[in-house]
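Student: Going down the list, the sequences are from chains A and B. Heads up, the first sequence is in this note's numbering, so the first residue is 286 and it goes up one at a time. Heads up, the second sequence is in this note's numbering, so the first residue is 14 and it goes up one at a time.
To be clear, the hints were calculated from the coordinates, so they are not data collected in a lab. Careful: at least some of the hints might be erroneous.
[What the hints assert, rightly or not] Simulated crosslink set (DSSO-like; lysine-lysine; CA at most 27 Å straight-line): (1) Lys268/B with Lys300/A; (2) Lys213/B with Lys377/A; (3) Lys268/B with Lys409/A; (4) Lys409/A with Lys26/B; (5) Lys390/A with Lys26/B; (6) Lys106/B with Lys487/A; (7) Lys404/A with Lys26/B; (8) Lys306/A with Lys269/B; (9) Lys19/B with Lys106/B; (10) Lys390/A with Lys269/B; (11) Lys29/B with Lys404/A; (12) Lys26/B with Lys300/A; (13) Lys477/A with Lys404/A.
Just so we're clear, the structure is a prediction, and the values are computed from it rather than from any experiment.
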Amino acid sequence: MPILTIENLSKSYGKIDALKKVSFSVPEGSVFGILGPNGSGKTTMLGTIMDILKPTSGTYKLFDEVPTELHRRRIGTLLETPNFYHYLSGVKNLEIAAEIKQHGKEDISRVLDMVDLTKRKDSKFSTYSLGMKQRLAIASCLLGNPKVLVFDEPTNGLDPVGIAEIRDLMKRLYSEGKTIIMASHLLDEVEKVCTHVAILRKGELITSGNVNEILSNEDMVEVGAKDGEKLIEVLQKMPNQTRVAKEGGTIKVFYPVGTADLEAINNFCFSNDIILNHLILKKKSLEARFFELTNN
Amino acid sequence: MIHLLKIEWLKVKNYKAFWVFTILYFFAILGINYTGFYVNELSVENLPQAQLLLGSPYAFPKVWQTVGFMSSWLLYFPGILFIMLLTNEFNFKTHRQNIIDGWTRMQFVSVKFVFAILFAVAATFFNFLVALLFGSLTTGSSFGFEGMENVGYIFIQTVAYITFAMFLAVLFRRSGAAIAVFFLYGLIFEFIFTMLINHKFDLSPVGYFLPLQVTDVMLPIPFGNKIIYDHAPDMWVLVVASLVYICGYFFFAMKKFTTDDL
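Chain A extracted, bound-state conformation:
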């Protein structure tokens, strides 16, 4: 059962199209990353499925049903910023959230513990640091142990230790079988935790699917030899490769995903009278792939 299905969702603010006919679905048990630069429509999309923004056109389903507030109660959502009553303490804020969700009241001390806020639970929200606010918001999402979590930029405002903790938390939640939908512009964040990804650019869905298929569509091998010109000539005769390129000082040869064989390359060059002094398999970085996808 898909947890979230979006069909032709569009949202415009006057002349600006924040979302243009976006469609995809989030399978149960996945960590689904929504990737895109600032202003690409990530938050707009999550806001729409949480009923705080009204779509211009298109539909969406939660748990494969027409969405209502009852579905929202079963999803822990952190959208854009931590939203709490400034004059109330952390624990009082969580009490309100638990009352609205109608579950998770007994869970408050557990979730405060999980995000390391137990000591400061009785301090007013307004006295919290940015990182603490973010952690309180994550705690609120975890109330009642929901099966589905939606995080919009979950590591915003956290220090490196906090970021690592959140990543660990997500991996743990994922291993518990939860579905996590996460929007981010931080690429390594997505690369490290997501199983699926959707990439947005200027409100358009560029691609979506399994993270390995999308983020690396080819293998890249860096090679080097004394006589570069001859090396290129030889490599171009090699079977299976898709192309050979000289970028900067290094020569690169590309293969379809998972087919690059370093031994075979070495062997082929040697039998063609070339001795390699550099041979390394490089997975294309997510960053390079991301720029490739979003830049044209």
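For this one, chain A is given, so just place chain B on it according to the hints.
Tutor: Quick look at chain B alone, frame taken from chain A:
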């Protein structure tokens, strides 16, 4: 609705500004009526003929109207309070979070209005007690049910002021703008409009039907027997008009909140 009110209660229970405002407001009701009571006693004591002019505003049955009239000047207090309660939600973006966590947009609006009505019930009851107090303190006056319909008018007026303030808060979303418009309109512009409509354009009593004015006319100045609001419509017409406004604010807020982006 009880459960929604419980959550609303959690929001204000530990909100110091709410309690400071509420207590100040209640003290002010007592204070302004004590002042009126005292000044009246003093005037009559010094100049017995003054009673002919002033009447006995704090004796039963007039006291219900007098307290209502005096307290009506203080209705800006609960108005500001409810503007704050609403704009706080917008500032903290908790109106979004409440929806995300599982309220419907409709629930968010309706519980705020129900809470306002409960607040008005409490304020009205306090006015009732204050009227009872000063009525009993006035020599030669004994309790009677006559004129108690004014307590009902106090309630309607309180609800009308608060819901008008809430309407402004939903419209402007910023406390500064809503409070400024509330004061300027209530204290200055509405008075000017009423004057212009009724006297300059001779359309009386149309001018009495402005949103806050219509409730003010229900509780006219009690000192003396002079008719303040000439051509004033029947009381039931004023009541109906007030209720129409109150429903109007509610439906506007509901419409805006359920169809806009939050």
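Student: Between lysine 390/A and lysine 26/B, is the straight-line Cα distance small enough, at 27 Å or below?
Tutor: It holds: about 18 Å lies between the C-alpha atoms, which stays within 27 Å.
Student: Taking only the CA atoms, is the gap from lysine 409/A to lysine 26/B under or equal to 27 Å?
Tutor: Holds: lysine 409/A and lysine 26/B sit about 14 Å apart, inside 27 Å.
Student: Is the straight-line distance between the alpha-carbon of lysine 390/A and that of lysine 269/B 27 Å or less?
Tutor: violated, 32 Å
Student: Quickly compare the C-alpha distance for lysine 268/B and lysine 409/A to 27 Å and report which way the hint goes.
Tutor: violated, 34 Å
Student: Assess, step by step, whether the Cα of lysine 213/B is no farther than 27 Å from the Cα of lysine 377/A, and give holds or violated.
Tutor: Distance of about 56 Å is beyond 27 Å: violated.
Student: Taking only the CA atoms, is the gap from lysine 106/B to lysine 487/A under or equal to 27 Å?
Tutor: holds, 25 Å
Student: Does lysine 404/A lie within 27 Å of lysine 29/B when you go C-alpha to C-alpha?
Tutor: Given pair lysine 29/B, lysine 404/A holds - Cα atoms ~23 Å apart, limit 27 Å.
Student: Given the hinted pair lysine 26/B and lysine 300/A, is their Cα-Cα distance within 27 Å?
Tutor: violated, 44 Å
Student: Going straight from one Cα to the other, do lysine 19/B and lysine 106/B come out at no more than 27 Å?
Tutor: Holds - the C-alpha atoms of lysine 106/B and lysine 19/B are around 20 Å apart, at most 27 Å.
Student: For the pair supplied as a hint, lysine 306/A and lysine 269/B, is the alpha-carbon distance within the 27 Å limit?
Tutor: holds, 26 Å
Student: Decide if the proposed pair is consistent with the structure: lysine 404/A and lysine 26/B, CA atoms, cutoff 27 Å inclusive.
Tutor: holds, 23 Å
Student: Between lysine 477/A and lysine 404/A, does the CA-CA distance stay at or below 27 Å?
Tutor: violated, 30 Å
Violated hints, in rising order: 2, 3, 10, 12, 13; the structure is consistent with all others.
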